Amino acid sequence: MSGALADLRVLEVADASGEYAGRLLAGMGAEVVKLEPPGGAPTRAIGPFYGDAPHPDRSLHFWHYNVGKRAACVDLAHPDGRALLPRLARVFDVVLAAGAPADLAARGLGDGAALRRDNPAVILTAITPFGLDGPWRDRPATDLTLMALGGTMATCGYGPDAPPLTCGAWQAYQTASVYALHGLLGAVLARDRSGRGQDVDVSVHEAAVSITEWHVPQYLFTGLVTPRAVLGLQFLSRDGIWVSTIVPEFLGSHVMPRLLELLAADGLDAPLRAADLPRPELQRRLAAALEAYCARHDADAVYRAGQRQGFPWAPIRTPDETLDDAHLHDRGFWVSVRHPELGREFLYAGGPFLAGATPWRVARRPPLVGEHTAEVLAEAGIGGAEYGRLAAAGVVA
Amino acid sequence: MSEGPLDGVRIVDLTRLGYGAQATALCGAMGADVIRVESRTRPDPIRLMPPYVPLPGEAPSRETLTATAALDKGFNRGGIFFKYNAGGKRSVALDLKQPQGMEVLKRLIAVADVVTESFSAGTLARMGLPYEELRRLKPNVIYVSMAGLGQRGRDAAHVTLGPTAQALTGLTALLGLPGRRPAGWSFSYLDHMGGYLGAYAILCALHHRNRTGEGQHVDVSQIEPGVPLAGPAALDRQANGRRWRRPENPPGNRSPEPPMAPHGAYRCRGPEQWIAIACRDDADWRRLRVAMGDPEWARDPGFDAVAGRRAGEDDLDRRLEAWTATHERDALAERLAAAGVPAGAVQDARDRVERDPQLRARGYFVPLPHTETGTWPLERPPFRLSDADVHPGGRIRRGPPCLGEDTAAVLHEVLGMTEAEIATLDRAGVLR
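Residue numbers (this note's numbering), protein chains in the order written: chain A, 1 to 397; chain B, 1001 to 1432.
The set of hints was computed from the structure by calculation and includes no laboratory data.
Please read these numbers as outputs of a predicted model, since none were measured by experiment.
Note that the Cβ used here is the ideal one computed from N, Cα and C, for glycine as well.
Be aware that one or more of the hints could be misleading.
[What the hints assert, rightly or not] Only some residues are given here: those of chain B computed to face chain A with a beta carbon under 7 Å:
#1 Pro1005
#2 His1158
#3 Ala1173
#4 Pro1178
#5 Gly1179
#6 Pro1182
#7 Glu1224
#8 Leu1229
#9 Pro1232
#10 Gln1238
#11 Arg1245
#12 Arg1246
#13 Val1353
#14 Ala1361
#15 Arg1384
[Unchecked claim] Stretch-level coverage of chain A by chain B, calculated; a stretch enters the list once three of its residues show a Cβ under 8 Å from a Cβ in chain B:
#16 139 to 152
#17 306 to 319
Construct the complete structure from the given sequences, taking the supplied hints into account.
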């Protein structure tokens, strides 16, 4: 079985805001080449590192976002390096660019018109902090400042007087990377009909604005702003794990009776059975009963008891505890990837879904710095004496 | 109007609530004809949930999501439904408990490119429409199921909402302050990301079908989309034996990797006014110093390099906040941006709708008509194509559908039913 995107060749010229898009394309079968400056992309300097020894080939951060890609080092700050870009783009379907608009323009990726002189079908996808126009276009930004502007932080945290919080691991960048896939594949489907490529303009800011569920509708329709709060009910289990015990009354009238049944097994239901409790008092008693219930049981037992009653409860796992999730293993989620240089295999997070005919695949471990420079350039007809000259000048490495 | 990337693609959409519906809304915005099959007999709960959209001339209801669903508002006023069901979706009311209703659904599937649903695992199969049956009706059908924990695996029967999946995938734990309980996301982030990756599943499967003629079943869940979003902690555990659960985690707004400081949200003048500031490197710190007027405390050589700023971050943050607290938020954001320092107001929904000049300049909110309540600004997808139509109103340039408002039109256009046939079904109570 081949990947769903096995015919797509993608040239990635991306900073941290676009690397996740490349990874998701590679796993679905696309041939993704990451273009990096000589010495490697800045994301190779982000820890943690294998063996805690900083090295551009041992960044676990880089591994996570770049597994399955090939890599070539070309100095796009050098005119001779920049001149290679349209030639490279001739043999790719998509150029996936990410970064500040000024940086993209300086590399000849301000728009795709120049690339399409040589390859009319090529698609340029540009992920930029604020999009390719508008008054904020050239503002400096990071994932943190974009999560602030996007609205997530205003509502996440311990309460109105506590600081607004973001979620680590760059959620604005990852969200924008996923939206970039929609635009990019939309352009591919359009190209397959028309034969022509086009540009895709992805705004990280807009991506971050889009993810706050009911907050914008609530403001639009009621004028109310959602306050900062911890969502739902969370309690500490007997084994010291927090458990999310949301009681979604909107799921139906069956919810309360089943909850009472669950609490009755521990004799905790009586306070909730009093007639005609005002809603705030009912909620207070409910929280107290659930707190007591969780304190008597291990997190996994609370999880399973709640789920047996049809409640969407869950233990609050840490990011590495997902490795122990038997359900994910049943689904074949983790993919073992061999790193021959280290003589080791590691389980990598797999694909975002199980596609029956076109499963997720990892063609190769994350690329070493410059590992595929010569072969990638050769595929674009850049080899021999020319390659030698470029290499001697340090333009390719 | 130029062509939409998914022009000519028909999706028979049985998704409910937030997560599944967002996948098909994106496809609708890209030009697909999304036919929502639903019923008054068992309505999508999100149609009934607050906040409620006011009728023309009506004062806004103050009910918020914490309230339980109200039935007196009818099926067409649920405010979150508006966000998740734009894209020019059309609504067909069909009572699938009746054999004739099921028969109509099967006829729609027979002319569909994609069938989507977000029932709990196995439900569609129990309704008589397992993948094999869908394939019998339409040999190269793309079937995208979106159960919370997927169709396969020991916990597939579990019930999940966004916060469930966020807890299971590490995303709840990742949001909070060290030494405190998890704060977690205050909303269903994985309803969004699960839905967006569901749209990616549809697009990948369409591309594969166009290339090979082959359809498939794609089993989408909310957990596979979530796990990778929590970063490389699983690799760190395998490579270095380091567990994530340790005293400095979660790091709040701080950035241990890559090391950045300052990196946080700081109070500004006035209640609930905050600004996020991030110095990516020492050069950003020097720019910030200049923007602050190079106060004495900031000249401390211990702060010159990021390692020192990280080591003294409590002190650094306190002093920086003493400065930001004397400034008006938006003016400060302008000043820092002009100085080249990444900064952004902590915007709430009102800021985004009323103030944000970037969203306004790019036309992020698009006024769209809704048959019962009038015209409302709905959000467009955050990507635009230079030569194809992507629009939150889809090809029909309309807001979300009222329940069943397109029943007759779809049965006529798509299935070629006559008025008399449709009337017969209606009298039999099938089109409810």
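Evaluation of the provided hints:
A distance limit of 7 Å between C-beta atoms decides the matter here; for B/Pro1005 the minimum to chain A is near 3 Å, and the interface restraint holds. For the restraint placing B/His1158 at the interface with chain A, the shortest Cβ-Cβ distance is roughly 5 Å, inside the 7 Å limit, so the hint holds. A cut of 7 Å between beta carbons decides the hint on B/Ala1173: the least distance to chain A is about 5 Å, and the hint holds. Interface hint status for B/Pro1178: violated, as the beta-carbon distance to the closest one in chain A is roughly 12 Å, over 7 Å.
Checking B/Gly1179 against chain A by beta carbon gives a least distance of about 12 Å; that is not within 7 Å, so the hint is violated. A distance limit of 7 Å between C-beta atoms decides the matter here; for B/Pro1182 the minimum to chain A is near 5 Å, and the interface restraint holds. Among the interface hints, the one on B/Glu1224 holds; its C-beta lies about 5 Å from the nearest C-beta in chain A, closer than the 7 Å criterion. Below 7 Å, beta-carbon pairs count as interface contacts, and B/Leu1229 has one with chain A at about 5 Å; its hint therefore holds.
Because the closest C-beta pair between B/Pro1232 and chain A is about 4 Å apart, less than 7 Å, the hint holds. Taking 7 Å as the C-beta cut-off, the interface hint given for B/Gln1238 holds, the closest approach to chain A being about 5 Å. Nearest Cβ of chain A to the Cβ of B/Arg1245: about 5 Å, under the 7 Å cut. The hint holds. At a threshold of 7 Å, the smallest CB-CB gap from B/Arg1246 to chain A is about 9 Å, leaving the interface hint violated.
With its C-beta approaching chain A no nearer than about 6 Å, B/Val1353 sits inside the 7 Å limit, and its interface hint holds. Taken as an interface hint, B/Ala1361 checks out: its beta carbon lies about 4 Å from the nearest beta carbon of chain A, inside 7 Å. With a cut of 7 Å, the hint placing B/Arg1384 at the interface with chain A holds, because the nearest CB-to-CB distance is about 5 Å. Three residues within the 8 Å Cβ limit are the bar, and the stretch 139 to 152 of chain A against chain B gives 13, so the coverage statement holds.
Counting residues of the stretch 306 to 319 of chain A whose beta-carbon sits less than 8 Å from any beta-carbon of chain B gives 11, enough to reach three: the coverage restraint holds.
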